[in-house]
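> These protein sequence lines map, in sequence, to chains A and B. When you line the first sequence up against the working numbering, it's residues 1 to 379, in that order. When you line the second sequence up against the working numbering, it's residues 1 to 190, in that order.
Any given hint could turn out to be false.
Simulated pairs of lysine to aspartate or glutamate, EDC-like, Cα-Cα distance not exceeding 16 Å [stated by the list, open to error]: (1) Lys215(A) / Asp57(B); (2) Lys233(A) / Glu216(A); (3) Lys56(A) / Asp149(B); (4) Lys85(B) / Glu55(A); (5) Lys85(B) / Glu59(A); (6) Lys91(A) / Asp31(B); (7) Lys8(B) / Asp21(B); (8) Lys233(A) / Asp70(B); (9) Lys281(A) / Glu249(A); (10) Lys84(B) / Asp239(A); (11) Lys172(A) / Glu334(A); (12) Lys84(B) / Asp55(B); (13) Lys30(B) / Glu309(A); (14) Lys148(B) / Glu55(A); (15) Lys179(A) / Asp239(A); (16) Lys91(A) / Asp25(B); (17) Lys56(A) / Glu152(B); (18) Lys91(A) / Asp29(B); (19) Lys305(A) / Glu90(A); (20) Lys148(B) / Glu95(B); (21) Lys148(B) / Glu59(A); (22) Lys56(A) / Glu295(A); (23) Lys30(B) / Glu216(A); (24) Lys30(B) / Glu90(A); (25) Lys8(B) / Asp57(B); (26) Lys177(A) / Glu149(A); (27) Lys148(B) / Glu334(A); (28) Lys215(A) / Glu151(B); (29) Lys179(A) / Glu150(A); (30) Lys99(A) / Glu309(A); (31) Lys84(B) / Glu90(A); (32) Lys184(A) / Glu140(A); (33) Lys91(B) / Asp21(B); (34) Lys330(A) / Asp55(B); (35) Lys330(A) / Asp69(B); (36) Lys330(A) / Asp57(B); (37) Lys42(A) / Asp131(B); (38) Lys56(A) / Glu95(B).
Because the hints were derived from the structure by calculation, they are not lab data.
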Amino acid sequence: MSDVIFTNEMDEEMTLNMGPHHPSTHGVLRFIIQSDGEIIRKAVPDVGYLHRSIEKIGERCTYPGYMPYTDRVDYVAAMFANECWATACEKLMGIEVPKRAQYLRVISCELNRIASHMIAIGAMAMDIGATTPFMWALREREYINDFIEELCGARLTYNYHRIGGVSFDMPKGWADKVKTWVDKFVPLMEEFDRLITYNEIYIQRLANVAIITGKEAKDWGLVGPNLRGSGVKWDLRKDDGYSVYSDFEFAVPVGKGQFGAVGDCWDRFYVRSEECKESGKILQQALAKIDEHPEDDLVGKLPKKIKPEGEAYSRVESARGDMGCYVIGKGAEEPYRCRFRTGSFTAMGIIEAKSPGLFLADLVALIASFDVVAPEIDR
Amino acid sequence: MTPDAIFKLLQEKFGTETVFDFHGDPARDKDPWFQIAPWEIENVCEHLRSEKSLDFDYLECITGVDYPDDKRIVVVYHLYSYGKKHRVVLKAYLEREDPAMPTLVNVWSTANWQERECFDLLGVLFEGHPDLRRLLLPDDWEGHPLRKDYEEKEDYHGIPTIRPNPIELFKITLPSKEASKEAAKEPAKA
Numbered sequence: 001m002s003d004v005i006f007t008n009e010m011d012e013e014m015t016l017n018m019g020p021h022h023p024s025t026h027g028v029l030r031f032i033i034q035s036d037g038e039i040i041r042k043a044v045p046d047v048g049y050l051h052r053s054i055e056k057i058g059e060r061c062t063y064p065g066y067m068p069y070t071d072r073v074d075y076v077a078a079m080f081a082n083e084c085w086a087t088a089c090e091k092l093m094g095i096e097v098p099k100r101a102q103y104l105r106v107i108s109c110e111l112n113r114i115a116s117h118m119i120a121i122g123a124m125a126m127d128i129g130a131t132t133p134f135m136w137a138l139r140e141r142e143y144i145n146d147f148i149e150e151l152c153g154a155r156l157t158y159n160y161h162r163i164g165g166v167s168f169d170m171p172k173g174w175a176d177k178v179k180t181w182v183d184k185f186v187p188l189m190e191e192f193d194r195l196i197t198y199n200e201i202y203i204q205r206l207a208n209v210a211i212i213t214g215k216e217a218k219d220w221g222l223v224g225p226n227l228r229g230s231g232v233k234w235d236l237r238k239d240d241g242y243s244v245y246s247d248f249e250f251a252v253p254v255g256k257g258q259f260g261a262v263g264d265c266w267d268r269f270y271v272r273s274e275e276c277k278e279s280g281k282i283l284q285q286a287l288a289k290i291d292e293h294p295e296d297d298l299v300g301k302l303p304k305k306i307k308p309e310g311e312a313y314s315r316v317e318s319a320r321g322d323m324g325c326y327v328i329g330k331g332a333e334e335p336y337r338c339r340f341r342t343g344s345f346t347a348m349g350i351i352e353a354k355s356p357g358l359f360l361a362d363l364v365a366l367i368a369s370f371d372v373v374a375p376e377i378d379r
Numbered sequence: 001m002t003p004d005a006i007f008k009l010l011q012e013k014f015g016t017e018t019v020f021d022f023h024g025d026p027a028r029d030k031d032p033w034f035q036i037a038p039w040e041i042e043n044v045c046e047h048l049r050s051e052k053s054l055d056f057d058y059l060e061c062i063t064g065v066d067y068p069d070d071k072r073i074v075v076v077y078h079l080y081s082y083g084k085k086h087r088v089v090l091k092a093y094l095e096r097e098d099p100a101m102p103t104l105v106n107v108w109s110t111a112n113w114q115e116r117e118c119f120d121l122l123g124v125l126f127e128g129h130p131d132l133r134r135l136l137l138p139d140d141w142e143g144h145p146l147r148k149d150y151e152e153k154e155d156y157h158g159i160p161t162i163r164p165n166p167i168e169l170f171k172i173t174l175p176s177k178e179a180s181k182e183a184a185k186e187p188a189k190a
């Protein structure tokens, strides 16, 4: 180590190791960095520490039995992997989901999206050095965890959705509790904006850092908030209209480059914080409309034996963007092949290309602004 | 544009030897697909991306599937167009013994990591790829786990990959009936 510290030559590069247990790398994730002092020449991500071969496990489980494993694809937003697997199987077998179950899916997913974004924006602020927003964000997330626990019994790995529907209906009085919370939450997000999003220091720190243009974002397959942060107005909920999202009114926030170029770290942060408000609006509408549909109509008509043949690719708008599931059935109880396409995986791919010229501290901001979750990269 | 219209368009442009075998049975193939000759895939994809009426700017997913019975490895490409809102599924059939095909890194940058993953887990060689290393598994891992005939080694650098069943470890073995009878008699003797 002493060699490195006392070297003064300007042209000398050093190789640094960041991770796998660095607190700002969002899970077990490692970077090998070649840097010239504070400026990065190249940062090579080394992933795979959390690889659990979810896809191989899928080939050995029955279709309904695979559902709990999908929770582990992305444990910060497990509801979406559940939904993605369920919709893939439904598409493969042509099952229709009852309206009430679809509303419950929307409600559970939007709650989960807020919880996940709370982690994302809170942790991003903390990575940059602001501790208070993280506490605020986690406080709200705690309410959501309690709601989801009441709904399905689990706080993190939900296993709530089923092929053809969902597992439980809302408990009595649950809808009112969530409504009361959402009514408080939406104005609270504006307070949160005053605390951190439009904070002068925060803007100075993040504006014009690691700019990704819309064209680059599409080319590298960025999805979800990362894509919208680059100014591409694309949301599966709006543009694909899956599930019952067409029943609700909500806006799709995109990065506009208010304080710098379009697609900088601040834009990605801004998109997430705005999305929380929109999710709140969807929740309000869904909770008001859900009782139009009969109770206990939770699972659609399933075939007696789940042994589908053929293939299907389905996708949902997860908290980390477009999550896809490709499933091939060969007339057996187990799928022949199942594959998850996740947002964090493609977001990691761009880091090696984007890192040259960044400051070492800005790499932390870049990783945090992508909101990568290590298990989703590695699966 | 519907997938079969795209298929016809491509067949006119590249010929029936490059683009063939359309599958669109609504009961089985929920996303219609067709085959592309593996060595022509870069040209076809470049055309799909740059042609204004097709405009496929988003490579969603690269999946490798192993079919040991047919002695094939199939690489599946899911493409989507943000502007035109249409999708297409391409398949390239490779020999299982020697799976190799050109890379698509020059067409979509996102192919870089997805092809590395496919190489890592299925052993497909993407020729021309700038950095074809293992991605998820360690560099010295042997075999490609998503192949159907993959068998896990018993250990990796002395770390066992199989653990004894914990239930077996803590199982209490009850003494046999005769032994317990004798044990019951003994204190009476004393």
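> Give a verdict on every hint.
Against the structure, the hints:
Taking the CA atoms of Lys215(A) and Asp57(B), the gap is near 9 Å; set against the 16 Å cutoff, the hint holds. This hinted pair checks out: Lys233(A) and Glu216(A) have alpha carbons roughly 14 Å apart, not beyond 16 Å. The hinted pair formed by Lys56(A) and Asp149(B) meets the criterion: a straight-line CA distance of about 12 Å does not exceed 16 Å. Of the pairs offered as hints, the one joining Lys85(B) and Glu55(A) is violated, with about 28 Å between alpha carbons and a cut-off of 16 Å exceeded.
The hinted pair formed by Lys85(B) and Glu59(A) fails the criterion: a straight-line CA distance of about 31 Å is larger than 16 Å. Between Lys91(A) and Asp31(B), the direct Cα distance comes to roughly 10 Å. Compliance with the 16 Å bound is thereby established for this hinted pair. Using a Cα cut-off of 16 Å, the hinted pair Lys8(B) and Asp21(B) holds, with the two alpha carbons roughly 11 Å apart. Restraint check for Lys233(A) and Asp70(B): the C-alpha separation of about 43 Å exceeds 16 Å, so the hint is violated.
For the suggested pair Lys281(A) and Glu249(A), the alpha carbons sit about 8 Å apart, so the restraint of at most 16 Å is met. Taking the CA atoms of Lys84(B) and Asp239(A), the gap is near 11 Å; set against the 16 Å cutoff, the hint holds. Distance check on the hinted pair: Lys172(A) and Glu334(A) sit about 37 Å apart at the alpha-carbon level, beyond 16 Å; violated. For the proposed pair Lys84(B) and Asp55(B), the alpha carbon gap of about 7 Å is at most 16 Å, so the pair holds.
Distance hint between Lys30(B) and Glu309(A) is fulfilled; the C-alpha atoms sit about 11 Å from each other, no more than 16 Å. Under the criterion of a C-alpha separation no larger than 16 Å, the hint pairing Lys148(B) with Glu55(A) is consistent with the structure, at around 12 Å. A hinted pair counts as satisfied when its Cα atoms are at most 16 Å apart, and Lys179(A) with Asp239(A) does not qualify at roughly 27 Å. Restraint check for Lys91(A) and Asp25(B): the C-alpha separation of about 14 Å stays at or below 16 Å, so the hint holds.
Taking the CA atoms of Lys56(A) and Glu152(B), the gap is about 12 Å. The hint holds against a cut of 16 Å. A distance of roughly 10 Å separates the Cα atoms of Lys91(A) and Asp29(B); the hinted pair therefore holds under the 16 Å criterion. Under the criterion of a C-alpha separation no larger than 16 Å, the hint pairing Lys305(A) with Glu90(A) is consistent with the structure, at around 14 Å. For the suggested pair Lys148(B) and Glu95(B), the alpha carbons sit about 15 Å apart, so the restraint of at most 16 Å is met.
At roughly 9 Å between alpha-carbon atoms, Lys148(B) and Glu59(A) fall within 16 Å of each other, so this suggested pair holds. Distance hint between Lys56(A) and Glu295(A) is unfulfilled; the C-alpha atoms sit about 37 Å from each other, more than 16 Å. Of the pairs offered as hints, the one joining Lys30(B) and Glu216(A) is violated, with about 30 Å between alpha carbons and a cut-off of 16 Å exceeded. For the hint pairing Lys30(B) with Glu90(A), the CA-to-CA distance comes to about 11 Å; that is within 16 Å, so the pair holds.
Restraint check for Lys8(B) and Asp57(B): not satisfied, since their Cα atoms lie roughly 20 Å apart, outside the 16 Å limit. Distance check on the hinted pair: Lys177(A) and Glu149(A) sit about 13 Å apart at the alpha-carbon level, within 16 Å; holds. Under the criterion of a C-alpha separation no larger than 16 Å, the hint pairing Lys148(B) with Glu334(A) is consistent with the structure, at around 13 Å. Only pairs whose Cα atoms come within 16 Å are accepted, and Lys215(A) paired with Glu151(B) is rejected, the gap being roughly 42 Å.
Among the hinted pairs, Lys179(A) with Glu150(A) is consistent with the structure: their alpha-carbon atoms are about 15 Å apart, no more than 16 Å. With a CA separation close to 26 Å, the supplied pair Lys99(A) and Glu309(A) exceeds the 16 Å bound. Taken as a hint, the Lys84(B) and Glu90(A) pair is broken in the structure, with Cα atoms around 26 Å apart against an allowance of 16 Å. About 10 Å separates the Cα atoms of Lys184(A) and Glu140(A), which keeps this hinted pair within 16 Å; it holds.
Between the alpha carbons of Lys91(B) and Asp21(B) the distance comes to roughly 10 Å, so the proposed pair stays at or under 16 Å and holds. Using a Cα cut-off of 16 Å, the hinted pair Lys330(A) and Asp55(B) is violated, with the two alpha carbons roughly 33 Å apart. For the suggested pair Lys330(A) and Asp69(B), the alpha carbons sit about 13 Å apart, so the restraint of at most 16 Å is met. A hinted pair counts as satisfied when its Cα atoms are at most 16 Å apart, and Lys330(A) with Asp57(B) does not qualify at roughly 31 Å.
Pair hint Lys42(A) plus Asp131(B) holds up; C-alpha atoms about 14 Å apart against a cutoff of 16 Å. At roughly 22 Å between alpha-carbon atoms, Lys56(A) and Glu95(B) are farther apart than 16 Å, so this suggested pair is violated.
In this structure, the hints that do not hold are numbers 4, 5, 8, 11, 15, 22, 23, 25, 28, 30, 31, 34, 36 and 38, in rising order.
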